[in-house]
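Peer 1: Whole structure, please, built from the sequences with the hints as guidance.
Reminder that position 417 of the sequence shown reads as 421 in my numbering, one-by-one numbering, no gaps.
To be clear, the hints were calculated from the coordinates, so they are not data collected in a lab.
Hints are not guaranteed to be accurate.
[Stated by the list, open to error] BS3-like cross-link-like pairs, simulated, lysine-lysine; straight-line CA separation at most 30 Å:
1) Lys385 with Lys404
2) Lys410 with Lys494
3) Lys385 with Lys410
[Stated by the list, open to error] Label-pair restraints from in silico Cβ distances:
4) Lys52 with Pro400: 23 to 31 Å
5) Glu330 with Gly172: 44 to 52 Å
6) Ser462 with Asn424: 34 to 42 Å
7) Ser462 with Phe230: 18 to 26 Å
8) Asn61 with Asp341: 34 to 42 Å
9) Asp380 with Ser342: 44 to 52 Å
10) Ser462 with Ile246: 41 to 49 Å
Glycine included, each C-beta is placed from N, C-alpha and C at the ideal position.
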Amino acid sequence: MIQLAGLFSLLLLLPLLFFLKHLMFEASAKLPPGPNAWQLLWSISQLKNKPHVAFHNLAKIYGPLFSMRLGGRLLVVASSPATAKAILKTHDRVFSGRFLPSICYAIPSTLQSYKMRSTSKECNGIFEYVNCIVADLFSTLREVESKGEARKEKVLMEMVDYVVEKEGEVVDLDDVFKTTLCNIFANVVASRNLLRYGSCGNGDMAKDLVTEIGKMMATPGLVDLFPVLRRVDFWRKREGKILQRKVMCLWEGILKERRSRNGSSDNGRDFLDVLLEHAFPDDHICFALMGLLIAGDSGLVTTRWLMAELMRNQDTLSRVRQEIAEAMGTKTTMINDSILSTCKYFQACVKETLRLHVPGPFLVPHLALENCVLNDYIIPKDTIVVVNAWAIQLDPENWKDATSFKPDRFLGSNIDFRGNHFEFIPFSSGRRMCSGYQIGFRNVQLVVACLIHYFDWSLPDGENPENLDMAEVLHAGGLTREKPLFMIPKLREKYVV
Numbered sequence: 005m006i007q008l009a010g011l012f013s014l015l016l017l018l019p020l021l022f023f024l025k026h027l028m029f030e031a032s033a034k035l036p037p038g039p040n041a042w043q044l045l046w047s048i049s050q051l052k053n054k055p056h057v058a059f060h061n062l063a064k065i066y067g068p069l070f071s072m073r074l075g076g077r078l079l080v081v082a083s084s085p086a087t088a089k090a091i092l093k094t095h096d097r098v099f100s101g102r103f104l105p106s107i108c109y110a111i112p113s114t115l116q117s118y119k120m121r122s123t124s125k126e127c128n129g130i131f132e133y134v135n136c137i138v139a140d141l142f143s144t145l146r147e148v149e150s151k152g153e154a155r156k157e158k159v160l161m162e163m164v165d166y167v168v169e170k171e172g173e174v175v176d177l178d179d180v181f182k183t184t185l186c187n188i189f190a191n192v193v194a195s196r197n198l199l200r201y202g203s204c205g206n207g208d209m210a211k212d213l214v215t216e217i218g219k220m221m222a223t224p225g226l227v228d229l230f231p232v233l234r235r236v237d238f239w240r241k242r243e244g245k246i247l248q249r250k251v252m253c254l255w256e257g258i259l260k261e262r263r264s265r266n267g268s269s270d271n272g273r274d275f276l277d278v279l280l281e282h283a284f285p286d287d288h289i290c291f292a293l294m295g296l297l298i299a300g301d302s303g304l305v306t307t308r309w310l311m312a313e314l315m316r317n318q319d320t321l322s323r324v325r326q327e328i329a330e331a332m333g334t335k336t337t338m339i340n341d342s343i344l345s346t347c348k349y350f351q352a353c354v355k356e357t358l359r360l361h362v363p364g365p366f367l368v369p370h371l372a373l374e375n376c377v378l379n380d381y382i383i384p385k386d387t388i389v390v391v392n393a394w395a396i397q398l399d400p401e402n403w404k405d406a407t408s409f410k411p412d413r414f415l416g417s418n419i420d421f422r423g424n425h426f427e428f429i430p431f432s433s434g435r436r437m438c439s440g441y442q443i444g445f446r447n448v449q450l451v452v453a454c455l456i457h458y459f460d461w462s463l464p465d466g467e468n469p470e471n472l473d474m475a476e477v478l479h480a481g482g483l484t485r486e487k488p489l490f491m492i493p494k495l496r497e498k499y500v501v
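Peer 2: This is the structure we're talking about:
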């Protein structure tokens, strides 16, 4: 009995011994400089509410590459184009791991076996396999490009029709943006609308679920700081089961309907057909579709900021409208990607919005897959590594008049967001770069172009748009507007459908 008790005690101590061994290695290694626990306490409020600002201030003290301990985790933060390039390009493979929040491990094991590109911890064989499926999707969409454009045009027409009905009334543009962007992606992946404008009932379920998952992914729990507690994290496991039921409930009816038709939708082949052809289990398909829907929702942040910046800068708005009108010419069709491809100034406005209001200030958190030497410092295996894109893109050393909205800076410039210019990386770079950045960019353009081309907009109570509140807040991992955008539309032009 005594021997069993001793063995049991040893087993309980093993996690602690491994943790202490890890700490001893870090203590002996030359880590990047950074604040100690007591110094962090002085900035705990800013770390909680505006971590991107807190990390920017710490970088001023400790340099563009600093480290800090959060519970049992080591965090390394890069805050310059050079350090970002070292992580995302030079040592891309080593830092290609993805830090997964505890909610991912709380999802039942049948879901963990399927690693989508967005949530795969390592760029392994499964990662490459799913990339092939994504490539199959984009190949499919190219084959049926006309039908894909028809689906998108249908969603945009529904948006314009809804705003026409609300002419002269106060419109919640956040609801318009969210519904339109999610429906564009839903039509691409499943050939149907998922949300309704001003919806209640089932439509609200999808909207709430997207927001809920975003919050859960972005909000660290105790287990995220102390991974040794994962096996006893019963609360997260309960949340994971509830989340699984909600996701399955949202998509199961769509799967059943598609199977009842024995194949593709009436509008041609889509991503759902690709997943069904690869014979994935239903739970895997449901979470894959949910992931794509969340990806579509990420453009919401940029759409909000772009519309707000255009309202505050009326001269810029007039110039964009003139450019779109010239591109439209005598066409009576709905605005489309082909028309906007010639609108270079409008594209510059979107780029400037992405620079000034980067959607995710820390991009995607990376994980060191092995020990690595970076700028003469040791980065231990399993270190969480983030790039403070917000600090880089607002740094006066990288951008002249960095805090002002000046789209002209991108005209005649070769700087783009494809991951080759590390002073401008809103979609990251390397293996973990957002694979749908071009689609997201075009969708943001389309939604805002339709709203400003067909409608004049004013603020409630006659407020001057130049005084529009531009306060920001970190919400569900995205740096969005603190206040919702309410505006009053007035139809400018008639359009032919």
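Peer 1: For every hint, state whether the structure bears it out.
Peer 2: Quick rundown of the hints versus the structure:
no., hint, verdict
1, Lys385 with Lys404, "37 Å, violated"
2, Lys410 with Lys494, "27 Å, holds"
3, Lys385 with Lys410, "41 Å, violated"
4, Lys52 with Pro400: 23 to 31 Å, "27 Å, holds"
5, Glu330 with Gly172: 44 to 52 Å, "29 Å, violated"
6, Ser462 with Asn424: 34 to 42 Å, "41 Å, holds"
7, Ser462 with Phe230: 18 to 26 Å, "52 Å, violated"
8, Asn61 with Asp341: 34 to 42 Å, "41 Å, holds"
9, Asp380 with Ser342: 44 to 52 Å, "50 Å, holds"
10, Ser462 with Ile246: 41 to 49 Å, "43 Å, holds"
Violation of the numbered hints given earlier is confined to hints 1, 3, 5 and 7; the remaining hints are satisfied by the structure.
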